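**Q** Going down the list, the sequences are from chains A and B.
So for the first sequence, the working numbering puts the first residue at 1; every next one is plus one.
So for the second sequence, the working numbering puts the first residue at 1; every next one is plus one.
Incorrect hints may have been included.
To be verified - Distance ranges between label pairs, derived from CB positions:
| no. | chain 1 | residue 1 | chain 2 | residue 2 | range |
| --- | --- | --- | --- | --- | --- |
| 1 | A | V133 | B | G104 | 36 to 46 Å |
| 2 | B | E187 | A | I265 | 48 to 58 Å |
| 3 | A | P275 | B | P263 | 10 to 20 Å |
| 4 | A | S158 | B | V260 | 24 to 34 Å |
| 5 | B | L12 | A | Q116 | 44 to 54 Å |
| 6 | B | Q181 | A | R83 | 38 to 48 Å |
| 7 | A | L216 | B | Y169 | 38 to 48 Å |
| 8 | A | L76 | B | P263 | 46 to 56 Å |
| 9 | B | F86 | A | G124 | 30 to 40 Å |
| 10 | B | Y169 | A | T208 | 18 to 28 Å |
| 11 | A | V273 | B | V25 | 48 to 58 Å |
| 12 | B | G194 | A | E172 | 30 to 40 Å |
To be verified - Chain A regions said to be covered by chain B (calculated; three or more residues, Cβ under 8 Å):
| no. | segment |
| --- | --- |
| 13 | 132-146 |
| 14 | 215-222 |
| 15 | 260-274 |
Claimed, not checked - Some, not all, of what chain A presents toward chain B, calculated at C-beta under 8 Å:
| no. | residue |
| --- | --- |
| 16 | V33 |
| 17 | V61 |
| 18 | I102 |
| 19 | S105 |
| 20 | L155 |
| 21 | L157 |
| 22 | L245 |
| 23 | S246 |
| 24 | T257 |
Just so you know, the hints here were simulated from the structure itself, not pulled from any lab data.
Owing to the predicted nature of the structure, the values given are computational and were not obtained by experimental measurement.
Cβ coordinates follow ideal geometry from the N, Cα and C atoms, glycine included.
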Amino acid sequence: MILQMIINGVLGGLMYVVMALGFTLIFGIMRIVNFAHGEFYMAGAVLVMLLFGQFGWPFFVAVAAAGVLSAALGMLCERLLFRKLVGEELPGMIMSLAVSIILQSLALLAFGPAEQSIARPFDGTWTLFGAIVPWDRTVVAIGSVVILLAFYAFLRLSRYGIAMQAVAQDRETASLMGVEAGSVYSMSFGIACLLASLAGALMAPVYTVGPYIGSLPMLKAFVVVILGGLGSVPGAVLGGLLLGLSESALATTFGSTIALIASFIVVLCVIIVRPSGLMGRKGA
Amino acid sequence: MRKGLLVGLLVLIAAIPWIVKSGYVFHIATMIVLTIPLALSINLTLKLDQLSLAQPAFMGIGAYTAALLTMRLGVNPSLAVLAGGFLAVVIATVFGPIFLRIKGVYFVLLTYAFGQIVNLVFQEWTSLFGGNNGLYGIPRFSIFAHSFGETEYYILGLGVAALCFLAMYAIERSDVGAIFQALNEDEMFCRSIGSNAHSWRVAAFVMSAFMAGIAGALYAFYIGFISPDSFGFEATIDLIVINVIGGPGSVFGPIIGTIVVVPLLEFLREMRQYQFLVYGFCLVFFIMFFRRGLVSIFERQREVV
């Protein structure tokens, strides 16, 4: 029973980590709170519904295509709408709200308000030390781990990843060292949207797909980044796993609404004790 | 001079329901005066360089408190409205200091989460709040035995809106307004000369919750029916659009925004999806090219957003 709870928590938590990483990345680098982050999750899921569900592409090809298309959309938004607002928190936030409701209405106009389910590419369950694990969730978890490792390697090892870290730490010094901030913004926005839409794309067969499915994962991403510390990558990982575990522990006994309220109360307590989050930098 | 023109224009608009004697115009005018306190309440948090996404939650707290007190306990609506505002104040006083503990975007994220969770409670606690079906049959507003007709209710709403406006105007013109502005420009300096930044911010947040709570309670008695839908994220978007279009830097901004947006909202009620598309493009346009909003046609002002 406890093992089952832990496994469910990790399975859920890994998805939250992927969502929260992109969100925290955009904030860390551009100082923009991206309220449209959930809509890129939705875009990923909708694209999988189209490519896999209707056109019959292989599932993973559809997931990859959904990710690439959403990343391109994200980079376009960044270049046209967000570039001018880097560092201006309030206008940046309102702009992201605008992008969010535009994407939501477009999805609503194109697909209608009803939530649709798509055929599951993976069925059945397997057992791990007596705990029952559904295959589709396992695929999401493995996908998330692959995405996280790839992201970590990119951030630590590649020139671009190091450039992104430099801009996040100190934009002016980074540009003095020859790091072109513009391309870093564009890349980090694209990567963040890629992460969100991959999460949505992987989750599409697990839940239903509709124009409003992005808001709950976004709310969870908010909770995770506040818990872990805004702008902190290890914080997002820790926060995501903690949220997943606490949710699975509470949701099985009290229901998901109570679990969400409880996680919010925990976040408030964390803020009282450690204002910058569990792993946040001071004053970040 | 131009400000005088603006005030004259507003008085004229307030008188329209008596000039054009139509029930529909009256309804829209009432919706406008009931929305003004909400728009002003979000404007107050913008004055602190913060964006509160919890205002519709406070509106909902006010509305449900007032409705439940009159329906279940038979409290007089006039007292129930005050109780609704009071409960919003109590809740804001508890959470405000935590939300405002760290400067910057945490406030937005926390108020967003708070708003969503309050809405979830309205939806899920069906025995008390009626769930997604909401609460039906909220009685008409009355002060003791005197029941309010439509005209009287419009006047009441207008009075409340005017009071909120005057309070905000007084804040902007007084030392308090200067303190808010100074806090945004150089918090360290303000604290060094002895002004308690945290307390001022909490006080403003509590006041904004009070305005939203009262407005919510008045809305409940006007419409006679409330459901979680009216206090969700879409309502937040309405209020943000109102502020951005009107101009967030001035007290007149939200008023102008409300007068422009609320009629559109009522006309487009059947086409909510197009409405949000239009909203989105309006926000993009105003943020990119017209950040001071419509009010800048009437007056010179500082940039806030």
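**Q** Against each hint, give a clear statement of whether it holds in the structure.
**A** We went through each hint and held it up to the structure:
no.: 1; hint: A:V133 - B:G104: 36 to 46 Å; in the structure: holds (40 Å)
no.: 2; hint: B:E187 - A:I265: 48 to 58 Å; in the structure: violated (28 Å)
no.: 3; hint: A:P275 - B:P263: 10 to 20 Å; in the structure: violated (43 Å)
no.: 4; hint: A:S158 - B:V260: 24 to 34 Å; in the structure: violated (49 Å)
no.: 5; hint: B:L12 - A:Q116: 44 to 54 Å; in the structure: holds (51 Å)
no.: 6; hint: B:Q181 - A:R83: 38 to 48 Å; in the structure: violated (28 Å)
no.: 7; hint: A:L216 - B:Y169: 38 to 48 Å; in the structure: holds (40 Å)
no.: 8; hint: A:L76 - B:P263: 46 to 56 Å; in the structure: violated (34 Å)
no.: 9; hint: B:F86 - A:G124: 30 to 40 Å; in the structure: violated (56 Å)
no.: 10; hint: B:Y169 - A:T208: 18 to 28 Å; in the structure: violated (49 Å)
no.: 11; hint: A:V273 - B:V25: 48 to 58 Å; in the structure: holds (54 Å)
no.: 12; hint: B:G194 - A:E172: 30 to 40 Å; in the structure: holds (33 Å)
no.: 13; hint: 132-146; in the structure: violated (count 0)
no.: 14; hint: 215-222; in the structure: holds (count 3)
no.: 15; hint: 260-274; in the structure: holds (count 7)
no.: 16; hint: V33; in the structure: holds (5 Å)
no.: 17; hint: V61; in the structure: violated (31 Å)
no.: 18; hint: I102; in the structure: holds (3 Å)
no.: 19; hint: S105; in the structure: holds (4 Å)
no.: 20; hint: L155; in the structure: violated (22 Å)
no.: 21; hint: L157; in the structure: violated (30 Å)
no.: 22; hint: L245; in the structure: violated (19 Å)
no.: 23; hint: S246; in the structure: violated (15 Å)
no.: 24; hint: T257; in the structure: holds (5 Å)
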